[in-house]
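> Now for the letters of each chain:
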Amino acid sequence: MNKVWLIIQREFLTRVRKKSFLITTIIVPLIIPVIIGGLVFIMLKEAESAKPDTVMVVDESGKFDLDSTKNTKRFHFIPLQVPLEQAKKAYNETKDFALLYVPEFDINKPEGLTIYTQENPSIEKIGDLESILADRVRDLKLQEFKIDKEVLQNLKTNINLKQINLTETGEEKTSNALILNGIGFVLGILIYIFVLVYGIQIMQGVIDEKTSKVVEVIVSSVKPFQLMLGKIIGIAGVGVLQFLIWIVLTTFLSSGVLGYFGLKTPQKQAMEQVEKKVKDEDVKKAMSQASPQINEIMKSINEIPFTKIAFVFIFYFLGGYLLYGALFAAVGSAVESMQESQQFQFPITMPLLVGYLGLFMFILRDPHGPVSFWLSIIPFTAPVAMVGRIAFDVPLWQLALSMTLLIGGFLLTTWIAGRIYRVGILMTGTKVNWRVLAKWFMLRE
Amino acid sequence: MEALIAKGVSKRYADHTALDNVSISIPEKTIFGLLGPNGAGKTTLIRIINQIINCDGGEIIVFGEKLKPGHIETIGYLPEERGLYKKMKVGDQLLYLAQLKGLSRNDALAKIKIWLEKFEIKDWWHKKVEDLSKGMAQKVQFISTVLHEPKLIILDEPFSGFDPVNAQLITEKIVELKENGSTIIFSTHRMETVESLCDHIALINKSQKILEGPKKQVKEQYRSNTFIVEHRGNHFTLPSENYQLVKQTAIEDGLYSSHIKAKGSIKGNQLIKDLVDVTEVFSFQEKLPTIADIFISLVKGEDDSALKKHLQET
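Respectively, the protein sequence lines represent chains A and B.
In terms of the numbering used here, the first sequence opens at residue 1 and continues consecutively.
In terms of the numbering used here, the second sequence opens at residue 1001 and continues consecutively.
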């Protein structure tokens, strides 16, 4: 055990002392706020300077009567009372966004509506324009059915569903799908990246030891399994340290940058909320002042169990890392270069990728559906899937089952990897394929 | 006491046998030459002794005890395929390897200092291994092998990569280690070092041990009672039927060198006596087989009589 500790120390210290570690650890949290800041800055600038696009309209049907009274934030309409050919010429002499041509048409079957542009417009703009036209057609239809404008106005109602989770004890919790989605999305991707990046570091380390031949000296002092374990744990330490530094730095710096633009990070908002709670008087005051919508968001942020999420995240990061890390170590022991490792890398990262895709396709859309459930139970996909789900309040029994299986899963992969590793690290010049790996696995001690 | 005894050690892989019932005993405080062609099974045996792999049959006894995990601290191993962590500093590297062998940090530091001074490389402490030349890295590797003062030292081709000056330096250190009470197992292809350094030898070929014993005794075993005589003039008749002229070559100025084989019980003295009557003798010595001779002929698969014939002819 003492020797495993020595190996852990070496793996940890040599990596942490590297310049590249220092650079990525410091630069990434610096870059993220800069990017966020930059984007916010550009967005604000754009919002200020954005001018509506001018659309010339040739309306032969006379049904739309798109004139300046129909202007929106994004489009200004200029009706032209000339034939299309003439209008085209006129349009070409301007730098306006588009020329819209509306022929005679049947409102039940609008056809022939055409837009002429000088540049390729974005799908978004075309979509916006289409929805304006669709609205006009709908209004026309309603008029045809003799429904007057006022009734029409009254038909439109703004609905904002207030989301409340009923817990088993009957307690009510406010929630906000958008925020939960964001949390699931970010955490899921983080796990995916971390497992992959640090898994490959393990593999690189094993390959280095094998190709530099130092491994034979080491295994004359320790068991191959101890060496593998020490390496995996040592690198896990590097990952956790890096992650913690990132959290501290990004929180610190992001709040600085956002503060500059008068925005607040979720963490800060939550913290302030907690502070407010302490002064009960102020809360009531604040509540009454703030608009009900903002209040709801604050409340739902406040009710997200951050401590639980952090704990679950670290658990699944370590669990997923150990599960895949062992496999990466086994691959590293079998090959002699990174290139050679490609053929094995893809199959072992497949399940991780499935979890990653599942995050977008199922978990964020339907966090409690059957596919989401299974993805978060199976150990190979659970790290990404469960972390993506966790903000949506996963039942305790599912969490317990998933965690137990994950522990079982990494014990299993570590055992399998250990058997391949002990043979692989001493083998050089062998052409390795899956059959060879299976043979090594079966080999007696 | 024996430093190491291997009793009927076997190791089989799916498609071949690496060691087949090999027994060897290595006396304490000797330099033991483990010889054999490439692929004979030497490295397998060495790995089994180092507990890197396990044997399928037989057992290993180290200083009277069955081989157990604790023994790695009594053994120092220099593998044929050298390797150190390239990015690590010399001092850190030695410290790490010594601690893995069970030395405490302080002990290790003190010993590293002594050894770096011995090799006059004290200022290398902060150098990275990747910045060292091959020979320099070999020195560091050698130090890492003997740093924990192992009673049993296994050196696999220790001289590869060294220039003659450093090879001499290492040779001195090896002899010094032996004098200080260590037992050294020496696996090499360089027969002249075996000839000059080893006390005992064993020869492994095709997974089996085919020869073992003290070097002198082995050479004795393969002597063929052949003598090399330098004499003037080639016109002489051998004094009796008991002698046979194997080979004769002219040297210079009418001097000739003759290989004369004497029958069974006839000693060298008798031959001199007989020769002085027929020719003028300038020098006289018994032709003893070199380890290289024995190695080559045994590995070629010739039996003992063929070997003796081979030795006479060369």
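None of these hints come from the bench; they were simulated from the model.
Any given hint could be a false lead.
Using 25 Å as the maximum straight-line C-alpha spacing, the simulated BS3-like pairs for lysine-lysine come out as follows [unchecked claim]: (1) Lys1151(B) with Lys1118(B); (2) Lys3(A) with Lys1089(B); (3) Lys1300(B) with Lys3(A); (4) Lys1300(B) with Lys1206(B); (5) Lys1128(B) with Lys213(A).
> Confirm or reject each hint.
A quick look at each hint next to the structure:
1. In summary, the hint linking Lys1151(B) to Lys1118(B) is supported, as the alpha carbons are separated by about 19 Å, within the 25 Å threshold.
2. In summary, the hint linking Lys3(A) to Lys1089(B) is supported, as the alpha carbons are separated by about 20 Å, within the 25 Å threshold.
3. With a C-alpha separation of about 45 Å, the suggested pair Lys1300(B) and Lys3(A) falls outside the 25 Å cut-off, and the hint is violated.
4. Pair hint Lys1300(B) plus Lys1206(B) holds up; C-alpha atoms about 11 Å apart against a cutoff of 25 Å.
5. Of the supplied pair hints, the one linking Lys1128(B) and Lys213(A) holds, its CA atoms being roughly 17 Å apart against a limit of 25 Å.
In terms of the numbered hints stated before, the structure departs from hint 3 and from no other.
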